[in-house]
Structures are given as C-alpha cells and as structure tokens.
Amino acid sequence: MSSPSPNRPRHTRRAPKQSVFYDRLVPIIFVALGILMLALIVIAAGVLFGFVQYR
Amino acid sequence: MSLNEFLPFISSIVMIAFAVDVFRRFARRPTHKHLLIWGIGLAMFGIGSIAEAISAFVWNPIVFICWYLFGAALNAGWIGQGTVYLLVRRNWVHILTIILVIGSVIAGGLMLTTPLDASKFSPTVPLSEQYRNIMPQGAPVRLTTPFFNIYGLITLVGGALYSAYLFWRKRVLPNRMFGNVLIAVGALSIGSASTLTRLGYGGLLYLGELFAAILMYAGFILASQPAAVEEKAVEAQPA
Chain A
0 MSSPSPNRPR
10 HTRRAPKQSV
20 FYDRLVPIIF
30 VALGILMLAL
40 IVIAAGVLFG
50 FVQYR
Chain B
0 MSLNEFLPFI
10 SSIVMIAFAV
20 DVFRRFARRP
30 THKHLLIWGI
40 GLAMFGIGSI
50 AEAISAFVWN
60 PIVFICWYLF
70 GAALNAGWIG
80 QGTVYLLVRR
90 NWVHILTIIL
100 VIGSVIAGGL
110 MLTTPLDASK
120 FSPTVPLSEQ
130 YRNIMPQGAP
140 VRLTTPFFNI
150 YGLITLVGGA
160 LYSAYLFWRK
170 RVLPNRMFGN
180 VLIAVGALSI
190 GSASTLTRLG
200 YGGLLYLGEL
210 FAAILMYAGF
220 ILASQPAAVE
230 EKAVEAQPA
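Protein sequence lines correspond, in order, to chains A and B.
So for the first sequence, numbering that gives the first Met the number 0 puts the first residue at 0; every next one is plus one.
So for the second sequence, numbering that gives the first Met the number 0 puts the first residue at 0; every next one is plus one.
Derived by calculation from the structure, the hints in this document are not laboratory data.
Treat the hints with care, since some could be wrong.
[Unchecked claim] Only some residues are given here: those of chain A computed to face chain B with a beta carbon under 7 Å: (1) 14; (2) 23; (3) 24; (4) 43; (5) 47.
[Unchecked claim] Ranges of calculated distance between the beta carbons of each label pair, as one might list FRET restraints: (6) 33/A - 199/B: 36 to 42 Å; (7) 104/B - 12/A: 53 to 59 Å; (8) 118/B - 34/A: 15 to 21 Å; (9) 118/B - 41/A: 34 to 40 Å.
[Unchecked claim] Some chain B residues close to chain A (C-beta under 7 Å, calculated; not the full set): (10) 152; (11) 165; (12) 167; (13) 170; (14) 171; (15) 172; (16) 183; (17) 187; (18) 190; (19) 194; (20) 206; (21) 217; (22) 221.
We put the CB at the ideal spot given by N, CA and C, even for glycine.
The shape of chain A in the complex, shown without the other chains (with noise of 0.2 Å):
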C-alpha cells in the first residue's frame, strides 16, 4: 500500500483542449443570459421611470 507523498504535485482542473460544448455552446448561453439581463434591467428601469406601468 502506497503511503501518502507531501510532495504530491498538485494541478488546477483544466476544461478539455477541443469540445463543442465548451467552444461553441457556452458563449452563447452566455449571450442568451446577458440578453435576459439587461431585458429585466429595461423593464425595471421602465418602472423606475414610469415608462412601464407597473399594476
């Protein structure tokens, strides 16, 4: 059985190097989140100024 090392190296977690998922679906779940965003920040700002009417 293998004793444990103090000088195990360590490493950060690293996505994969080529994933569609991770080069071509995240950025645009990003974008879709940042246009919600700044939607319900239009709105409350509509409310704010009085453009939206709130009920």
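Start from chain A and add chain B according to the hints.
Below, chain B without anything else, positioned relative to chain A:
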C-alpha cells in the same frame, strides 16, 4: 396542501440551509466579507420565503411587511453586493455598502409607514397576486424596489457571468464556470418571475423562487470546490 402552500416551504428550507452554510464559511474565514454580505442577502431571501409560506394560512401585517421588504425589495441588492466584495478589492466598495444600508433603512421606514388593507387579503390567493390590493396604489416603498433589483441584476447576474466568462476564456476550473452559470440562471429566474409579478402575472413567483434557491445553492457549491486537485500518484511497491 396546495402548490402555493407547499412551494414556499421548500424554498425556505433551501434558502435557510444556503444562508447557514454561507455564514458558517464566513465564521471560518472572517476576512471574506463577501460571505457575510451574501449570508445577509440570502437570509433576507429566506425570510421572504417563510413569510410567503405563513401567508398561505393566515394574515399578519408583520409577516406581509417581511415578505415585501426582504423578499421583494432588498435581497437582490444585498446578494449582489456580496458579489461586488468578491470581485472588487477596493476600499470604495465599503461606500457602496453604506449606500445600500441607507437605502435599506429608507425602504424599511417607508414600508413600516405604508398603510395595509387587511380586508383585501385572502389566504387562498398567492401574495404575489394580491399584494397590490393590500398596499395602496402608488405607495412610495414600491418605487424603491427597482433600485435594489437593478443593482442586484447588474452585480449578481453580471458578476456571475463575468466570473464564468473569465474561467471559460482561460479554460481553467470548469466547475467554477458552471457554478457561476448556475448562479446567474438562478438569479435570472427569480428576476424574471419578479418582473412578471410586477407586470401583473404573479402566478410564477413561487416557482421562480424555488428554481433560484436550488440553482444558486447548487452553483455556489460547485463554484466553491477547491481549485487544485492532487494527482493520484501511483508509487511502485518496494521490492
């Protein structure tokens, strides 16, 4: 028990567990102020959910005040401010906190002085669909919620997306990237549900709160995992 009575209880449990977890981490690392501010914001979210759950059975003006003040108005701004502490290591962040505290006190004062019409309350109707009947039209406190919500959207959602983007661009720590995406999605779900409520469609608020609680907690756990992993070195057995 109907869905409207059941969902707030589930959200409350998740949010309380989340807030307790965050406060415990802050107790272990008291220099991490973002954990304290997050904990305060999450506790507000939890109080709002508990108030909703109670209101499904009985009317109480203090409970309604807690629901609107903590659940509808303040929590987004406070959770977002925690993200600001995480991402921005500058002294001026404390000034934003002071402004947030002053704004919260003002909102609290306005809420406490808002007359409530208990005769319009019905326990069978979700609070999100009847609150505008209970509060007077044009109540000043309702004008404070867009400030906190806008600030929360920019800081919490924007901060989570920015963090996720950084990890994506560097192609490191995919768990933190996904964790931040989950946090952003969770925050946007409650933001969307709140916006619909404000526009007169309050039926989805409880669902939005539940999604927010689960997704944000899951994202937090995922993003909080240690950065480095030890290589599992296989050592040859001695002869």
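These are the hints, each one checked on the structure:
1. Residue-level restraint check for residue 14/A holds (minimum Cβ-Cβ distance to chain B is 4 Å; threshold 7 Å).
2. For the restraint placing residue 23/A at the interface with chain B, the shortest Cβ-Cβ distance is roughly 12 Å, beyond the 7 Å limit, so the hint is violated.
3. For residue 24/A, the interface hint is violated, the least distance from its beta-carbon to any beta-carbon of chain B being 11 Å, above 7 Å.
4. Given hint, residue 43/A at the interface with chain B, holds; its Cβ is 4 Å from that chain's nearest Cβ, closer than 7 Å.
5. Below 7 Å, beta-carbon pairs count as interface contacts, and residue 47/A has one with chain B at about 4 Å; its hint therefore holds.
6. Hint check: residue 33/A to residue 199/B, Cβ distance near 26 Å, so the stated range 36 to 42 Å is violated.
7. Between residue 104/B and residue 12/A the beta carbon distance is about 43 Å. The supplied range of 53 to 59 Å is therefore violated.
8. With their beta carbons about 42 Å apart, residue 118/B and residue 34/A fall outside the hinted range of 15 to 21 Å.
9. Range check, residue 118/B to residue 41/A: Cβ separation about 36 Å, and the 34 to 40 Å hint holds.
10. Given hint, residue 152/B at the interface with chain A, holds; its Cβ is 5 Å from that chain's nearest Cβ, closer than 7 Å.
11. Nearest Cβ of chain A to the Cβ of residue 165/B: about 11 Å, over the 7 Å cut. The hint is violated.
12. Among the interface hints, the one on residue 167/B holds; its C-beta lies about 6 Å from the nearest C-beta in chain A, closer than the 7 Å criterion.
13. Taking 7 Å as the C-beta cut-off, the interface hint given for residue 170/B holds, the closest approach to chain A being about 4 Å.
14. Taking 7 Å as the C-beta contact cut-off toward chain A, the hint placing residue 171/B at the interface holds, the least distance being around 5 Å.
15. The beta carbon of residue 172/B comes within 5 Å of a beta carbon in chain A, closer than 7 Å, and the hint placing it at the interface holds.
16. With its C-beta approaching chain A no nearer than about 5 Å, residue 183/B sits inside the 7 Å limit, and its interface hint holds.
17. With a cut of 7 Å, the hint placing residue 187/B at the interface with chain A holds, because the nearest CB-to-CB distance is about 5 Å.
18. This hint holds: residue 190/B has a C-beta 5 Å from the nearest C-beta of chain A, less than the 7 Å allowed.
19. Hint status for residue 194/B relative to chain A: holds, with the closest Cβ pair at about 5 Å, below 7 Å.
20. Interface hint status for residue 206/B: violated, as the beta-carbon distance to the closest one in chain A is roughly 17 Å, over 7 Å.
21. At a threshold of 7 Å, the smallest CB-CB gap from residue 217/B to chain A is about 16 Å, leaving the interface hint violated.
22. Among the interface hints, the one on residue 221/B is violated; its C-beta lies about 12 Å from the nearest C-beta in chain A, farther than the 7 Å criterion.
The structure does not agree with the numbered hints 2, 3, 6, 7, 8, 11, 20, 21, 22 stated previously, though it agrees with the rest.
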